[in-house]
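Peer 1: Whenever a hint applies, use it, and build me the whole structure from the sequences.
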Amino acid sequence: MRKRRLYWTLQILGWGIYFFANFIAMSLDPQGLGPENMRTSRIQLLIHTPTLFLVSHYLIREIIIRRSWLSINIARIIPRILGIIVLSSIIVVLVSYLLYALAGTVELSSSILTEALFAFITYTVLYIIWSTVYFLYHFLESNNRSLKYEAAMNEMHLNQLKSQLNPHFIFNALNSMRALVDEEPTKAKVAITQLSNILRNSLITDKKRVVSFGEELNTVKDYLALEGIRFEERLNVSYEIDPKSDNYEIPPMMIQTLVENAIKHGVSNLMEGGMIEIQSTVEHSILILKIRNSGQLVNGQRNRTGRKGVGLINTKERLKLIYGEAASFRIYNENNKFVVTEVKIPQRI
Numbered sequence: 033m034r035k036r037r038l039y040w041t042l043q044i045l046g047w048g049i050y051f052f053a054n055f056i057a058m059s060l061d062p063q064g065l066g067p068e069n070m071r072t073s074r075i076q077l078l079i080h081t082p083t084l085f086l087v088s089h090y091l092i093r094e095i096i097i098r099r100s101w102l103s104i105n106i107a108r109i110i111p112r113i114l115g116i117i118v119l120s121s122i123i124v125v126l127v128s129y130l131l132y133a134l135a136g137t138v139e140l141s142s143s144i145l146t147e148a149l150f151a152f153i154t155y156t157v158l159y160i161i162w163s164t165v166y167f168l169y170h171f172l173e174s175n176n177r178s179l180k181y182e183a184a185m186n187e188m189h190l191n192q193l194k195s196q197l198n199p200h201f202i203f204n205a206l207n208s209m210r211a212l213v214d215e216e217p218t219k220a221k222v223a224i225t226q227l228s229n230i231l232r233n234s235l236i237t238d239k240k241r242v243v244s245f246g247e248e249l250n251t252v253k254d255y256l257a258l259e260g261i262r263f264e265e266r267l268n269v270s271y272e273i274d275p276k277s278d279n280y281e282i283p284p285m286m287i288q289t290l291v292e293n294a295i296k297h298g299v300s301n302l303m304e305g306g307m308i309e310i311q312s313t314v315e316h317s318i319l320i321l322k323i324r325n326s327g328q329l330v331n332g333q334r335n336r337t338g339r340k341g342v343g344l345i346n347t348k349e350r351l352k353l354i355y356g357e358a359a360s361f362r363i364y365n366e367n368n369k370f371v372v373t374e375v376k377i378p379q380r381i
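Read in order, the letters of the sequence shown correspond to residues 33 to 381 in our numbering.
By construction, these hints were calculated from the structure, which means they are not laboratory data.
A few of these clues could be false.
Stated by the list, open to error - In silico lysine-lysine, DSSO-like type, Cα no more than 27 Å apart, as pairs: (1) Lys240 - Lys369; (2) Lys253 - Lys369; (3) Lys376 - Lys296.
Here the structure is a predicted model, which is why all the values come from computation and not from measurement.
Peer 2: Written as structure tokens, this is what we have:
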């Protein structure tokens, strides 16, 4: 919303300055054209200024957006932009002179081609300035977003140690494995491998912007297998995964963060234990991930203290930084037994 408002503000301000600067210059009549010629020039100004405005918005901007030129190296698209600018200038000249003729402000004469050529050059220069400002703004915004993402990731690394692979989890996992060493050494070896996979994956993906859904799911399975040793029959896990989910990329450690919150604030608080269900579907090129767990939200919060977990806050912030408004996150009581955490992620970043 803020970006759209800024765009329209700059559009109106820029073309408004062009109009009033020309209008004031005409009022001064430095060339001594006389009242009648001044009136004609003002009518023509009233005609071609809105035309310039509309073509910049509905032609140049639409082509830039539809062809995703903002995400392409600027050196590669300069010839294309210049081509669109030339085409736009020709369209403005033709439309303007057609409207001039309908308004009776232009006559066929030997100088009309010279005037049209001068108008074409003027409009081309104006559109070059317009395009430069448009691309410069998006470049600065993209650069600023990247800097914000890097800063957030640095801070998030510390939060992950507390909310995802915290010492408490590692301590519990090691205790569970110690109990298996003598009784079930084979299971103990598997558990050690699973913990190793989780720790290694955390180090590898720490600096990645996104990882494949399948890679993240494998880490979560290792995590839940370790938690299954600790909770035994008190933890039931099920998966309902759409095969098309593998075509998507998600923020690293996101699913594990949500699952850990589900266990910490849901299942572990129930004497009889509970269920964790991970479900993914793809609808209209959107990955819909749902994590259903036993428990209840109290006043919209997982924690009994009424505070949102660090992991959930981090997840929402990462989704916003990577996908903007295209992704969504919500958590709600499905009924009086289950809580659902739902994340929607687009296919393309």
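Peer 1: Compare the structure with each hint and give your call.
Peer 2: Evaluation of the provided hints:
With a CA separation close to 36 Å, the supplied pair lysine 240 and lysine 369 exceeds the 27 Å bound. This hinted pair checks out: lysine 253 and lysine 369 have alpha carbons roughly 24 Å apart, not beyond 27 Å. Restraint check for lysine 376 and lysine 296: the C-alpha separation of about 23 Å stays at or below 27 Å, so the hint holds.
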